[in-house]
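Chains as they are written, first to last, in the numbering used here: chain A, 1 to 356; chain B, 1 to 374; chain C, 1 to 303.
Treat the hints with care, as some may be off.
[Unchecked claim] Listed below are the simulated DSSO-like cross-link pairs for lysine-lysine, each with C-alpha atoms no more than 27 angstroms apart in a straight line:
hint, chain 1, residue 1, chain 2, residue 2
1, A, 91, B, 201
2, A, 91, B, 329
3, B, 353, B, 256
4, C, 26, A, 251
5, B, 361, B, 286
6, B, 92, B, 321
7, B, 329, B, 361
8, B, 256, B, 284
9, B, 256, B, 109
[What the hints assert, rightly or not] Take a look, some chain A residues computed to stay more than 12 angstroms from chain C by CB distance:
hint, residue
10, 91
11, 94
12, 120
13, 134
14, 138
15, 181
16, 191
17, 235
18, 306
19, 343
[To be verified] Among the chain A residues that face chain B by a calculated CB cut under 8 angstroms, a handful are:
hint, residue
20, 101
21, 208
22, 290
23, 293
Don't read these hints as lab results, they were simulated from the structure.
C-beta atoms are modelled at their ideal positions from N, C-alpha and C, and glycine is treated no differently.
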Amino acid sequence: MTDPTVAASLAGPGDPGDRRGGSASAVPATTAPAAEPAPSLLKAGRRTGAQQGDRIFRGFATGSGAFMVALIGAIGLFLLIQAVPSLLANKGNFLTGRTFEAGDPNNLNFGILELSFVTVEVSIFALVLAMPVGLGIALFLTQYAPRRVARPFAYLVDLLAAVPSIIFGLWGAFVLAPAILPIAEFLNEHLGWFFLFQEGNVPLARGANVFTAGIVLAVMILPIITAISREVFERTPRAQIEAALALGATKWEVVRTTVLPFGRAGYISASMLGLGRALGETIALMIILAATPAMFSGSLFDGGATFASMIALSFAELNNNLSAGAFIAAGLVLFVLTFVVNAAARLIIARSGAKA
Amino acid sequence: MKLQRHGVVLAIAAAGALLLSACGSDPSTTVGGNSSAAANSPAVDCSGKKSLNAEGSSAQKNAMDVFTQAYQAKCQDANIAYNPTGSGAGIKQFTAGLVDFGGSDSALKESEAEAAAARCQGNPAWNLPLVFGPVAIAYNLDGVDTLTLDGETAAKIFNGTIKTWNDPAIAALNSGVNLPSTPINVVFRSDESGTTDNFQKYLEAASKGAWTQGDGKKFNGGVGSGAEKSAGVAQAVAGAPGSITYVELAYAQDNKLGMAQIDNGAGAVALNDETVGKAIEAAKIKGTGNDLALDLKSVYGTTAAGEYPLILATYEVVCSKGYDVDTAKAVKAFLTVAATDGQANLSEAGYAKLPAAFQQKLLTSIQAIGSGGQ
Amino acid sequence: MTTTIDLDAPAREPTFVGVSAGRRMKNAGATALVGLAFLIALVPLIWVVYSVLANGAGAVLNSQWWSQSLNGLLARQQGGGAYHAIIGTLFQGLVCAAIATPIGIMVAVYLVEYGGRSRLARATTFMVDILTGVPSIVAALFIYAVWISIFGLGRSALAVSLALVLLMVPVVVRSSEEMLRIVPDDLREASYALGVPKWKTIVKVVIPTALSGMLTGVVLALARVMGETAPVLILVAYAPYINFNIFEGNMASLPLLMTVERNNPTDAGSYRVWGAAITLILIITLFQLLAAFLSKVTAPKTK
Chain A
1 MTDPTVAASL AGPGDPGDRR GGSASAVPAT TAPAAEPAPS LLKAGRRTGA
51 QQGDRIFRGF ATGSGAFMVA LIGAIGLFLL IQAVPSLLAN KGNFLTGRTF
101 EAGDPNNLNF GILELSFVTV EVSIFALVLA MPVGLGIALF LTQYAPRRVA
151 RPFAYLVDLL AAVPSIIFGL WGAFVLAPAI LPIAEFLNEH LGWFFLFQEG
201 NVPLARGANV FTAGIVLAVM ILPIITAISR EVFERTPRAQ IEAALALGAT
251 KWEVVRTTVL PFGRAGYISA SMLGLGRALG ETIALMIILA ATPAMFSGSL
301 FDGGATFASM IALSFAELNN NLSAGAFIAA GLVLFVLTFV VNAAARLIIA
351 RSGAKA
Chain B
1 MKLQRHGVVL AIAAAGALLL SACGSDPSTT VGGNSSAAAN SPAVDCSGKK
51 SLNAEGSSAQ KNAMDVFTQA YQAKCQDANI AYNPTGSGAG IKQFTAGLVD
101 FGGSDSALKE SEAEAAAARC QGNPAWNLPL VFGPVAIAYN LDGVDTLTLD
151 GETAAKIFNG TIKTWNDPAI AALNSGVNLP STPINVVFRS DESGTTDNFQ
201 KYLEAASKGA WTQGDGKKFN GGVGSGAEKS AGVAQAVAGA PGSITYVELA
251 YAQDNKLGMA QIDNGAGAVA LNDETVGKAI EAAKIKGTGN DLALDLKSVY
301 GTTAAGEYPL ILATYEVVCS KGYDVDTAKA VKAFLTVAAT DGQANLSEAG
351 YAKLPAAFQQ KLLTSIQAIG SGGQ
Chain C
1 MTTTIDLDAP AREPTFVGVS AGRRMKNAGA TALVGLAFLI ALVPLIWVVY
51 SVLANGAGAV LNSQWWSQSL NGLLARQQGG GAYHAIIGTL FQGLVCAAIA
101 TPIGIMVAVY LVEYGGRSRL ARATTFMVDI LTGVPSIVAA LFIYAVWISI
151 FGLGRSALAV SLALVLLMVP VVVRSSEEML RIVPDDLREA SYALGVPKWK
201 TIVKVVIPTA LSGMLTGVVL ALARVMGETA PVLILVAYAP YINFNIFEGN
251 MASLPLLMTV ERNNPTDAGS YRVWGAAITL ILIITLFQLL AAFLSKVTAP
301 KTK
């Protein structure tokens, strides 16, 4: 789990950033860069040396920045280079095919439709679970909890982000799945007429379905949603809150009329970052979800595989480039998908940041 | 001040590094059980090179662990590293000369054999089927302690033609057993695996045409739900009554699953050392001379009484000649120990012991491995 | 921070004429829901930690666990330890940090000191954000595509470290950037006024001032990437023995030990899996504590 925002807020009380009231990572700082020394003030001899040093150092720094930009391009490019031969050799339709047969390099037949369905449903389900809870936690920590305990409480939520995903996977498959089986059975029995709760394509008793996976995923993205929402809510202008209080608003009315409108964009983009995380989660889903040859029916009690879990499941024993290329093609789609979601989230943050 | 501050950091890092590299060792193992060498086992020459490298099939990983312990008991400071990275990788690494021998679920194909011969300085590479793992058709069905299936019924279960436990086809093979009307949950390996490949080959050979899905490392039955690796499928079956799967013997035993008897036309055969041994002994060898590549179709399709047909054979792929002297000695020593002392603890790890006659064939081939040569 | 309206009203009468029952109910309901949300988040945390402890405590309390590998042990044999995997996790993590830290810091320096509002700076900020969201499996596939498919190099611990670099750099950039931005401009200006060139100002004044915060960020980022499983699954093979060579050969790591031993159905297998889980959580927690400690020890004295 790598999330800079969570990482930054985990830094603890000794962190100098906190002493300054915490600067949000998502918002560009407004400090103007200091003026450089005027060259004319320096002696000519030192100037050339200094200028040379400056040029080299500047080159390094700028090069590093450019490297970041190039890196993203390189990821896309190299994945594409590896994927193209396999895509050309593919006998099925890559976008609409529902099977993924890539083991035999002479008979490739793979498509991503089935993977897309499962990936999207499990991610959306996780998001639906995590969004309200994340909102509640962020409000609790910024508006309700006493200052003294807010920080340790926030640390507890952030701890969730520190648990490696493989441990969530094991916990989900062996501890959570049996525990929530009665709930799954109840939903299936009483609400089975609704497509989400209809009979799935893997045995319910195994618990190896989207339902279990989505709950685990929701837990995993909760700290991301919480951390970013919290930072935005914290920056609600004091004056607005005081004004609402002065008008006799209850606590809830204060939140509803000031904090929520102010933080809405931040909350939405936080959720989208959570979605991006959910789309790419690998190991936890690989452990929990059961593969199935049956088609995905849309039920939460279906099994299947997501892009990431399928790649991880099959990749270890591959030894020819064509088969690997098929999986890399699926990885490329995942890359594009997370790129779009993350870019959208950042744009929303940037726009709201400009307004605030 | 600054220096001091960062000095602290450096000191912590240095202390940490020292602490880590100071203690820690590979455990010194002792061989459990008594090693009962075959009476006529050849002498083992431990004077070869000290550390061997091998890589390949993960199906024989646990057997290799057993062999390694036996080998170290025999040759004190010798060692062998077996990397279970998969059959394909094993053959690739062997051909590239990066490992001393490869492990594979299937014998070398013709093109692979040519490449392997080049690695062996122009001498043919041999396929030595050293490890046999019986595969169980394992099930979990309340109140049914013995279940008999034949190839055709098994094929129909695993391709979804038969959907419930009390299907007439199953009932006909199990008179007197009270079969429930519950649906059959097929569980298959969701990762690519040699076990799946062998199982599908078995179904192809023994189902009298009922299995039309072909073979391959991916399950083609088009029914049921998948689980990861052997442990995963065994756990999935253990957790859900009414399920059935194919899995290596050890996993079925560890999860206390029922194991179906297989009726090959000459009566029901249970899975045990004796029936598996018989099947191995009856296997036709398609390799020539000391190359012992097996024709497993002859095992899968057997109709002889008392042979359990569903076995997974894994080969050690070695050079017949072309090793340097030290390597040849070490490879021979290791394989000899594996085929003799190494057999003692094998069934505990879920593999079948080599039957005596087959053991002799293997030992003959192993002794013929030579160094140098053009 | 006063939340109750009648706090400083000495008189019996409320300042405002009664808040209606409906509004009060809504308020109470909202308070309850918000508190409940927090409690809901604690449930999985406590549950996960409890499951891991309950299943794996036996393993880590054995001193062998910390000093031995699993070399030569059969699947069902008890004993041995995770030393080889601990070493692997730390090695891969440290190599990754050694590569990612300079890159990350230089990018941050560029963004804060040189980039300004130029097009490249904006593109860099955006791409760093995107890189933050790149799934670990995609990073692993990228390294596979370059390292193994194109260059034809073998799987190795170094390949894992490179994949982890992709995941670690954006985190380092973010935290370093924040730390650099809060360095007071007075310091820079004072340095310029003395005729010190800009690059020397950055190296001798700006970076040392921000160093404690940046170190903390690096250690935290490192703690995160060490738990990643997808790269080790694709880029290196497991070895039950101790291997110090990151350039070739198989190397264990804690996540890899867990995925491998998960296929071991015996008691020894579950003992190893959950033991490794505790060990991994312990190491990550230790690194986080170390980060907090570092930021305390190395914080610049404010008079």
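Now the hints, each set against the structure:
1. Of the pairs offered as hints, the one joining residue 91 of chain A and residue 201 of chain B holds, with about 24 angstroms between alpha carbons and a cut-off of 27 angstroms not exceeded.
2. A C-alpha spacing of about 49 angstroms is found between residue 91 of chain A and residue 329 of chain B, which places the hinted pair above 27 angstroms, so the restraint is violated.
3. In summary, the hint linking residue 353 of chain B to residue 256 of chain B is supported, as the alpha carbons are separated by about 21 angstroms, within the 27 angstroms threshold.
4. Between residue 26 of chain C and residue 251 of chain A, the direct Cα distance comes to roughly 10 angstroms. Compliance with the 27 angstroms bound is thereby established for this hinted pair.
5. Restraint check: the Cα-Cα separation between residue 361 of chain B and residue 286 of chain B comes to about 14 angstroms, which is no more than 27 angstroms; the hinted pair holds.
6. As the CA atoms of residue 92 of chain B and residue 321 of chain B are separated by approximately 19 angstroms, the hinted pair is consistent with the 27 angstroms bound.
7. Between residue 329 of chain B and residue 361 of chain B the CA atoms are separated by roughly 19 angstroms; this keeps the pair inside 27 angstroms, and the hint holds.
8. Restraint check for residue 256 of chain B and residue 284 of chain B: the C-alpha separation of about 33 angstroms exceeds 27 angstroms, so the hint is violated.
9. A C-alpha spacing of about 37 angstroms is found between residue 256 of chain B and residue 109 of chain B, which places the hinted pair above 27 angstroms, so the restraint is violated.
10. No Cβ of chain C approaches the Cβ of residue 91 of chain A within 12 angstroms, the least distance being about 22 angstroms, so the stated non-interface status holds.
11. Against the 12 angstroms criterion, residue 94 of chain A stays outside the reach of chain C, whose nearest CB is about 16 angstroms from its own CB.
12. The beta carbon of residue 120 of chain A is kept farther than 12 angstroms from every beta carbon of chain C, the shortest such distance being approximately 15 angstroms.
13. With a least beta-carbon separation of about 8 angstroms from chain C, residue 134 of chain A fails to lie farther than 12 angstroms from that chain, contradicting its non-interface assignment.
14. With a least beta-carbon separation of about 9 angstroms from chain C, residue 138 of chain A fails to lie farther than 12 angstroms from that chain, contradicting its non-interface assignment.
15. With a cut of 12 angstroms on Cβ distances, residue 181 of chain A stays outside the contact zone with chain C, its closest approach being about 16 angstroms.
16. Every Cβ of chain C is farther than 12 angstroms from the Cβ of residue 191 of chain A; the closest lies at roughly 22 angstroms, confirming the non-interface assignment.
17. With a closest Cβ-Cβ approach of about 15 angstroms to chain C, residue 235 of chain A is found to remain outside the 12 angstroms limit, as its non-interface label requires.
18. Non-interface call for residue 306 of chain A relative to chain C: violated, since the shortest CB-CB distance, roughly 10 angstroms, does not exceed 12 angstroms.
19. Non-interface call for residue 343 of chain A relative to chain C: violated, since the shortest CB-CB distance, roughly 6 angstroms, does not exceed 12 angstroms.
20. Taking 8 angstroms as the C-beta cut-off, the interface hint given for residue 101 of chain A holds, the closest approach to chain B being about 7 angstroms.
21. Given the 8 angstroms rule on beta carbons, the hint for residue 208 of chain A holds: about 7 angstroms separates it from the nearest Cβ of chain B.
22. Because the closest C-beta pair between residue 290 of chain A and chain B is about 4 angstroms apart, less than 8 angstroms, the hint holds.
23. With a cut of 8 angstroms, the hint placing residue 293 of chain A at the interface with chain B holds, because the nearest CB-to-CB distance is about 5 angstroms.
Of the numbered hints given earlier, the model fails hints 2, 8, 9, 13, 14, 18, 19; all others are met.
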